[in-house]
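Q: Next come the chains, spelled out residue by residue.
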Amino acid sequence: MTRFLLLTAVSIIMGVGAFSQQQINNPGFETWEDVGIGTDEPTHWSSIKTSDNINLNPLAPVVWEKSTDAHSGQYSLKLFNVSTFGIVATGTITNGQVHSDFNPNLGYVFTNIENDLFHTAFDQRPDSLTGWFMCNPAEGDFGTVKFVLHKGYLKLPGDEANLIATAYYELPHVVVTTWTRFSVPFNYVSEEIPEYFLSVITSGDGVDALDGSEVWYDDFAFVYKSSDIDENSIHYFFASQYGNTLYVQLDKFPARYYQLSILNTNGQVIFNQKAESGNRIEINTDQINSGLYIMVAQYNNRVITRKIILH
Amino acid sequence: MIVRVNYCISSLFYLKQNINLFMQVRGILLMMMVGFITIVSGQQNRVFSGRVVDKYTKESLIGANIYLKKDMGIGSVSDFNGYFAIPVASGEYQFIVSFTGMKSQTIEVDATANEIPYRVVEMEPFSTQFDEVVVRAGRFDKRLEDQTVSIEVIKPRLIDARNTTSIETILDMVPGLTILDEEPQIRGGSGFTFGVGSKVAVFIDNLPVISGDAGKPDWSLIPVENIKQIEVVKGAASVLSGSSALSGAIYIRTNYPDIQPKTKIKTYVGWMSPPQSPANRWWEGVNYTSGVSFLHSRQLGNGHTDLVIGGMFSTDKSYLGAPRPGPLVIDSVPINDNQMQNRKARINFNFRRRSNKITGLHFGLNGNFMAKKASTVFAWLDDTVNFYRAYPGAVLLSDNITFYLDPYINFYSSLGLKHELSNRVLYSDIKANNDQSTKSLYIYNAYQFSKSFSNLGNLDFIGGVTSQYTRSFANMYEASGSPLNYLWNLSVFMEVEKKFGDALNLSGGIRMENYQLNDSITDTKPILRVGASIKLGQETYLRTSLGQGYRFPSITERYIRTTVGSFGVFDNPDLKSETSWNSEIGIKQGFKFKNYYGYLDMALFYQEYDNTIEYLFGFWDSTYIFAPAGFKFVNTGKSKITGIDISVNGQARFGKYYEINTMFGYTYVMPVTLQPDYIFAHDYNPGGHTEFSYESSSVNPSKRILKYRYLHTLKADIEFVYKNLSMGSSVRFFSKTENLDRAIFDFEDATVSTGGTMQPILYRNYYEHHNNGNVIVDARISYKWKIRHEFALISSNLLNRMYSLRPLKAEPMRNITFQYILNL
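Each protein sequence line maps, in turn, to chains V and P. Using numbering that gives the first Met the number 0, you'd call the opening residue of the first sequence number 0 and step up by one each time. Using numbering that gives the first Met the number 0, you'd call the opening residue of the second sequence number 0 and step up by one each time.
In isolation and in its complexed conformation, chain P is listed as follows:
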């Protein structure tokens, strides 16, 4: 059965403020009119008054309609603080209270007495799952079902429920999105390159958060304590999201204050469980994790100023221990366990001011400052006893100072014009071992103009220009001729969207990207997209889209030249840009089964990639002087990915106290090379030049499946709520890794054959005996006490599974965390 689901527009805060002013004026006018009528008629001498609030958050609902059931012409709307007042004559009435996204209520009012009791109307949302609103992922502020591309939306409920301290752990719950050792993969659209040159664009409040030099998302910078919503766009999205959105984009939106000030303090302490095999435990005492975060948001200046301040501090011992090389191995950079500790402190703020004098003008400044000390492990010491220890030379210790400032100014005119000027200055200073320190300055500027043309049948237009400038200083990029490198990207884009009736929505867009690197390398590329969505039934929406993706190689990919242990990382200034295109057809179906309300979303997709950049091991130095062998980013051949995405989200309520929330997603991909024999590189192997092709560089080329992909992924989350008690569990399943670089096995052979003078790199045995897929179960239980207090016990990897998702990297053992949240 199809159920009508209204979508909450509460997230459209800008609009809400304007609407609110309008409603206030309208309410006053209404009151004046009613007063006038009362005076004239002399009959309506009673006032029915009250307040409309959200049942669960107790926040005022602005603009709720309260009208007489028998005569909809008599009524009012709630004001800025949710209050309303309606003059009535003596008698008994039935009033309807309605609010978008909430269940309408009918209330009986007895106005026969002289005074009518003051009423507080508590409105209940249709479903906490259904208040999904995509604000910008499709550039236009459209409802999710009107979007022409596949978009997953994650609400902050799960963030606290899972004690998310870094955003990638929550992103890993999104169907079709996998975070492989901090590197995002959408629908199998990328392999694994240690995060460098991400093929998924990441934004905070529509501004990129990928480092300018390495093209790598810095997840730790994202203020998880202040997230309003996360939107994940699947498939090539470069027209909408710019370069890097080769296989998709992630939009993270932060919160602005509601009318009621909010203060939230969260603290947690946890510990890592000893691994199943005691021999794998490398630490003494308790391997702890702990942290505290806070958030305060409030409106100031009569509601014209928004202020959000948040911050956090966390520390953990690291679940991975320092290298303990064999007796014959010379570790050039010995590291002890204490140096593996991670510490992070961050403070962020959002400041927004709505002009008193100029209606529709608002401006603000967002900022975020982070200091971080971190250890990054690239490979394990071995695949048995030292599963949770690092390989010598494969640990990057870094001290990071990163901050960004986002000044912006927006103007929404009364004619429906929207002008938005957004800017970001992001500075990063990373001091790292192995002479891999970097300093980079990234400046982003964007101007966007949008208008809905009513005279063209409500044709929506959006256009704009963006500029991204990166200045990077690092010795390891000296292969360009200087440690100082510049990258400038200029893009122009436009998109139109038109709705035909209530059913059909068509959209199309074009973007022109231009890159300039160090005054020497330029590249220009036009990108197109078209899409359509059709409402087939009351809650049945069909969508289809065709879009292109484009990514210009990062400074790191082109110019990195450094050594890691005995091996090198080599530059490749001749790298070409990656391109892709994506087509899909999807259907979104709302349904109700007894008390269960939900949505089924299913999409079939086809993607092609060209010039895909991969990280390959070889003998890239003809002189063998800098380093005899090592890694290099190279363009490989063409590939295609076909697959299906299925997600089901919903909620069931039983009576007043029981509630079940569910989230389920399954993704199947078939990523295959289109050119298995294409020789895309030669090296200087002294045993004879190696010809690199998919065939020659793969462990298992027989099925032509691309490296580091899971064909099947399944994500599910279920939560039971009874009054103030809730229990939930998440399950993630990743099928086996079908293929990987043959160099990993070659490394094993080479290191083992040294007889102990090199630390063996061991993976083959693990791959052959444990590559059967992984099921990871998380669980949580929480209790809310007197609204303000929430206690939770959370466990990730509940079954304490010893597992690995990418070669040579151990995933965390079971972690148990006690969390306390104080809401003021």
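Next up, chain V with everything else stripped away, as it sits in the complex:
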């Protein structure tokens, strides 16, 4: 809870504008609803048991649960893969709707523009997507997060004609037992304004998912550019912590050196190093207390900032 408050406070400090932009509904899975399938679904999200195939819905396994192991707030979302009769049902949740089929290759997720329950109107162009996870994949499997911005109808996979931007994150193939943040940029392929966004969050690798994989998700957020951040560079400043190592990379910049700093919430610099864009820096976090920090990449007169929680 403390971390959540800090995160909120820092976010406000770093730019009120960011949260004034359109966001994901129920991003931290704090509210759940009974939709008549025996197991509550997170509000504004839909599963394979509320698919458009009413004959298969009763047969579909429950592949999610309300977890009290939360990154912030009370709950998080746990997705898991279930095997029945040799078919692995991938833990999947979406803000759109699932089209289910006995043949997994024929299943997809789509924006149901006819039904308000299964689409989210959205006309913004966020810069990136962030979220938190823990994972316990079966060997060879991994969870995925995919958000797309689009106009009109779109289904994943299959029909991406109306695609405007994609943010895709592939979770580690290893067990991650602490809440870990990810951040991925939206890759825009069109200058158009979106009408909807569609998300597909899974605990396995689609049709190749393996039985037993588990992933916990919490606190998804769209991140919008702020005035002090270079418009063209915000997408390429990555950071993630695995164990006691923090990986940082400033990508797709012209090859040049920049100054990387990590500041605590009091503004004190606790780490400072020159780095080269395109290369990944590994920072040992043994000597750094858990908590919220600000990462700053600076070259010439340009500054890029990121917030990060270290464990």
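To be clear, the hints were calculated from the coordinates, so they are not data collected in a lab. Misleading hints may appear alongside valid ones.
Claimed, not checked - DEER-style ranges, computed between Cβ atoms:
1) V:52 / P:326: 19 to 29 Å
2) V:52 / P:432: 22 to 32 Å
3) P:675 / V:34: 43 to 53 Å
4) V:52 / P:681: 22 to 32 Å
5) V:113 / P:342: 26 to 36 Å
6) P:284 / V:115: 48 to 58 Å
What the hints assert, rightly or not - In silico negatives: residues of chain V with every beta carbon more than 10 Å from chain P:
7) 103
8) 188
9) 288
Note that the coordinates shown come from a computational prediction; the quantities given were computed from them, not determined experimentally. Ideal Cβ placement from N, Cα and C applies to all residues, glycine included.
Since the structure of chain V is already known, use the hints to place chain P on it.
A: Chain P in isolation, oriented as in the chain V frame:
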């Protein structure tokens, strides 16, 4: 100590009638001769007369020998009504009265007075247990100990004693035979396929009673009120019993009248005890069972016509309640508890006429009509509170109308030729839910010829031809291209048997089976058998046999295509015929231990099966349109079964009033697959084609034991009789189920994972915690009052055990029945 046991031939009624006529003539001639001698000698002016009857039934004994002890040349035989008369001179005599199967008696006759008192001689059987005669199970009318195959014989005594309302409950007492939810298993020779494609042939009066389309025995059709004897042949018996007798055959023989008319009325009322855990009780008030049956048999027309009429009506509330699905489950066919009630009415008759004009000719017509309303439950709702409730979609409600008519004509010539022409027309109209109604017509014709060739050292020959024609109409068989399907079976068989001296009996037979299904599928198969029995001692008989079995898949197995709830049942037109062979060696030993007379029978057997048909769950539809997944009959690999059968039957008598009857049987089988890795089928599992093998489809493949088999079964029955009071108890033990289909556990996982939108199919926990074998105890007590009346209190499952013998099916809780029998 070996005791000499004579076997009653009373069941050979045909022969008895002929013998009786002969005896009558002989008696008259004897009387005339005696009269002539009397006139000549002028000395034998007294007549010793009387009647010979059965001590217990009081029925006349025809053909009993009454002869002078000192001179066996002087004597007579009892006539058609058991009467006899012997002229004697004045003096004191000792007469011997003997009758096959009865204890001979010596009677003192004082003929010094002018009139000799009229005597009624009551003959006592050696043992009610020992009057076993196999009439036809071995085709030849041979004594049980001369048979070369293992045969168990059940007498009707147990049928009334256990208040048998449907024959399978009494069959379940036969050692080596298990009725698994109406499906017969002999020596572990079959698994479980909901009764479809029975691997055990079932006959009433030598005519098949298995439904033509499904190959399923209809036990409810069997007239239990008129059963003379049940014979169970163990091991492959297709040469003798035709296709379906892959692992054995059951012969049920009905009764013809004795000389005295008999009328028997039986009525009963009973109730199911609440289960041990009150939470398992699903009904309000009394869960009753009740019924009435009658039987009247008599001879008409101066003994030339036999008539038997019987019938019954029964009703019960069913011990299994209707489904009560969970709040999120959509039950497409809601059923209430009242619809689970079972009702059955049946009337049957046997009519036989012996020709006045042509000696040895007799003909007749047997018939049986049944109307039945029944509920059949395939799976329980759950393995705890709803143990005695049905799973939604797994209840078949049916209204059945079934009847058969059996016209026949037999001719036994004076030269020892026997010609028998038997026919059956069986029609069944089953209206069922889930679009599973069927109408089928089954016509069976058989001609059989037999003769004993005395010039070839009493070589017995039997040969014949049978035809079985089935016409079935059912929407669920439309996968053949039409709901109308035809199956025709033609078979030719012959068997020879020869006895060498009094000790050795050899037999051999061959049968050729030909099947034709819808003018498109044909199959021909020759089948062989050989056997021998040797009398090693006075009551020691050794037997050995080698026989083949063959079964052509039924219309149902090939063409059924229907849905059950969310799942499908898929056709498999490419099914192959099942085959088997069986070898065994057995010994039958008579013994006496103090007052106990008995028989020990022990058999070692080895059986192999090929192309065994099993019912497998999978994704059999490549389009997933008809139904995404379901069941299908498929040929699996080869398997073998080895084992031992032991039975001990006997009787002890203590004085005039005390009697103990015992029956004990133990069977051990080791049924194993010979091809654990053989992949016998692939499906269209969207997760990747499933390769079905024994290994992949079994819950516990480690020991290679076949599914749904009990390695150990034990059956025992003991009855104490004191005067008119008798008390008995039966015990059945089934060891644990070693292996079963993995699909059952997959079902559980799949349904549980839905979170309540599908009714969970729960079995794993029950299997893991209750699969330790089952002991079921039944008990009874009865009292006969003035011969005509018999009152009985009968309890099945006395200990009220909550148990299951096949996965997902609860067996009945304790039932207590009060029964009254009136004999007129």
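Q: Are the hints correct? Go through all of them and say.
A: Cross-check of the supplied hints:
1. V:52 / P:326: 19 to 29 Å: Given range 19 to 29 Å: holds, Cβ gap about 22 Å.
2. V:52 / P:432: 22 to 32 Å: 26 Å, holds
3. P:675 / V:34: 43 to 53 Å: Distance hint for residue 675 of chain P, residue 34 of chain V holds at roughly 46 Å.
4. V:52 / P:681: 22 to 32 Å: 26 Å, holds
5. V:113 / P:342: 26 to 36 Å: 52 Å, violated
6. P:284 / V:115: 48 to 58 Å: Check passed, 52 Å falls within 48 to 58 Å.
7. 103: 6 Å, violated
8. 188: Fine: 32 Å to the nearest Cβ keeps residue 188 of chain V off the interface.
9. 288: 42 Å, holds
Figure legend: structure checked against the earlier numbered hints; hints not met, in rising order: 5 and 7.
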